[in-house]
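> Sequence:
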Amino acid sequence: MVAESDIPITVRGDVDERAVEQLRRCAQAGDAVAGVLCADGHVGYSQPIGGAVAYPDHLSPSGVGYDIACGNKAVRTDVLVNDLRPDLPRVMDEIFERISFGVGRKNEEPVDHPVLDAIFRADFRPQRKLFQLARNQLGTVGAGNHYVDLFAGDDGFVWVGVHFGSRGFGHKTASGFLSLAAGKRFDERGPDGEMDSPPVLLHVDSALGQDYIAAMQLAGDYAYAGRDVVVDRVLEILGASATYSVHNHHNFAWRERHHGVDAWVIRKGCTPAFPGQEGFVGATMGEPSVILRGTGDAAGAGLLHSTVHGAGRVMSRTQAAGRMGNRAECTERDCDVWVPFGRFRHERAQAGLSDHDPFTLCPQHPRGRMTKRRGRLKEGRIDFAAVQRSLATAGVELRGGAADEAPDAYKRLDAVLAAHGPTVEVLHRLTPVGVAMAAPDTFDPYKD
1 MVAESDIPIT VRGDVDERAV EQLRRCAQAG DAVAGVLCAD GHVGYSQPIG GAVAYPDHLS
61 PSGVGYDIAC GNKAVRTDVL VNDLRPDLPR VMDEIFERIS FGVGRKNEEP VDHPVLDAIF
121 RADFRPQRKL FQLARNQLGT VGAGNHYVDL FAGDDGFVWV GVHFGSRGFG HKTASGFLSL
181 AAGKRFDERG PDGEMDSPPV LLHVDSALGQ DYIAAMQLAG DYAYAGRDVV VDRVLEILGA
241 SATYSVHNHH NFAWRERHHG VDAWVIRKGC TPAFPGQEGF VGATMGEPSV ILRGTGDAAG
301 AGLLHSTVHG AGRVMSRTQA AGRMGNRAEC TERDCDVWVP FGRFRHERAQ AGLSDHDPFT
361 LCPQHPRGRM TKRRGRLKEG RIDFAAVQRS LATAGVELRG GAADEAPDAY KRLDAVLAAH
421 GPTVEVLHRL TPVGVAMAAP DTFDPYKD
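Going by this note's numbering, the first residue of the sequence shown is number 1, and it counts up by one from there.
Take the hints with a grain of salt, since some may be wrong.
Taking CB as the label site, the calculated pair distances span [as the list claims (entries may be wrong)]: (1) 191 <-> 324: 48 to 58 Å; (2) 244 <-> 192: 27 to 37 Å; (3) 191 <-> 314: 48 to 58 Å; (4) 214 <-> 361: 55 to 65 Å; (5) 16 <-> 191: 20 to 30 Å; (6) 299 <-> 373: 12 to 22 Å; (7) 191 <-> 125: 15 to 25 Å; (8) 426 <-> 340: 46 to 56 Å; (9) 182 <-> 125: 17 to 27 Å.
Think of the hints as simulated: they come from the structure by calculation, not from any bench. Nothing here was measured: the structure is a model prediction, and the numbers come from that model. Note that CB positions come from ideal geometry on N, CA and C, so glycine has one too.
Please work from the sequences and hints to get the whole structure.
Rendered as structure tokens:
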């Protein structure tokens, strides 16, 4: 623990100093009384991922983040792992076909839920305009690190685990409040904040603060509903029933008591872990996830009764997977020469040529042409084909996924849990046998 301006800041594990500095900045703002950075922490927008900050009289839309109520749900089924094994490939095919990853739907299965009625009649009226978006995306999973997994539990039963949040409904709610806080309209584009921007704070007694509470809670209900819909669909595919469930947000604001005061605890990528409270924490596509529980150990109070929400990234998505973009590629047969399209366009303009004039930067075909195509501009550190082979050898049925979600892009979950010591205990270890994630080319502006 380190102290900054008499505000206690607790950091667990080996985390990036920039993330620690983000936490300090948030903890020194407003009326904060404490800040925490969990061992899976890394840099986020304004408030770090894995961070929690307690403000007695303020809420932070930037702290909760764009994916309001992102969270996890896990259920134990009444199906034995050994009974599923022969049918696992077919089951994963059906999960990947029937559950939509990204913005669009792949199927015509209607999704209805009482939360849609609540959105239609939302107290915060601008959310009513998001009704159709919410209806279209209810029960979709998104992209990035969001998933639908089947696990072999240490109890011999099949478990279902999902990770995603409030989708476009939550994203537009969050961006709308950031616009309002900047003096703009809800549906007007707000300022482009930098990653290290100071936190956006709303006084809880202000009209905007009260509106945010109502809107955030509705987005939370929507996220709960979406995860319920997806889990129920997987249970239907399995022909199974749930015998036990754990369901929690990890991007949210809760009213709690800490350090002798009542405060709004803003958690971003941070799982609540009060004594006796259970949570589902996912690892990577190739390693066991866990069901854990807060223990009541005295050190938990210094962590604002918070723990990790995952393993935590060790490299950026671009570092892991490389960078995609527009390329100018030679059109000659069997020629693999390409240049970044921006360079091609610049040099063509420098030559005084128009879009329709023949022009090439291919040294092998000086009379040829080049065409614009999307492709890889920079190679990543991770060989995803090797990852796929490794998972197949381990018996994991992978559908979708990409290099930026490979195990080596993350820390080891056991190590980050160990950094939290006796404040949490593991109840179950869940080994992945089926993993469904969005494919690399899935479009989704709300993916994380």
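> All hints are to be evaluated individually against the structure, with a verdict given for each.
Each hint tested on the structure:
For residue 191 paired with residue 324, a C-beta distance near 27 Å fails the hint of 48 to 58 Å. The hint said 27 to 37 Å for the Cβ distance between residue 244 and residue 192, and at roughly 44 Å that hint is violated. The beta-carbon spacing between residue 191 and residue 314, approximately 31 Å, falls outside the hinted interval of 48 to 58 Å. About 56 Å separates the C-beta atoms of residue 214 and residue 361, a value consistent with the hinted range of 55 to 65 Å.
Take residue 16 and residue 191: their Cβ atoms lie about 25 Å apart, and the range 20 to 30 Å holds. At about 54 Å, the CB distance of residue 299 to residue 373 disagrees with the hint of 12 to 22 Å. In this structure the supplied range 15 to 25 Å holds for residue 191 paired with residue 125, their Cβ-Cβ distance being about 23 Å. Take residue 426 and residue 340: their Cβ atoms lie about 47 Å apart, and the range 46 to 56 Å holds.
Remark: the range hint 17 to 27 Å for residue 182 to residue 125 is upheld by a beta-carbon distance near 20 Å.
The structure is inconsistent with the numbered hints 1, 2, 3, 6, although it conforms to all the rest.
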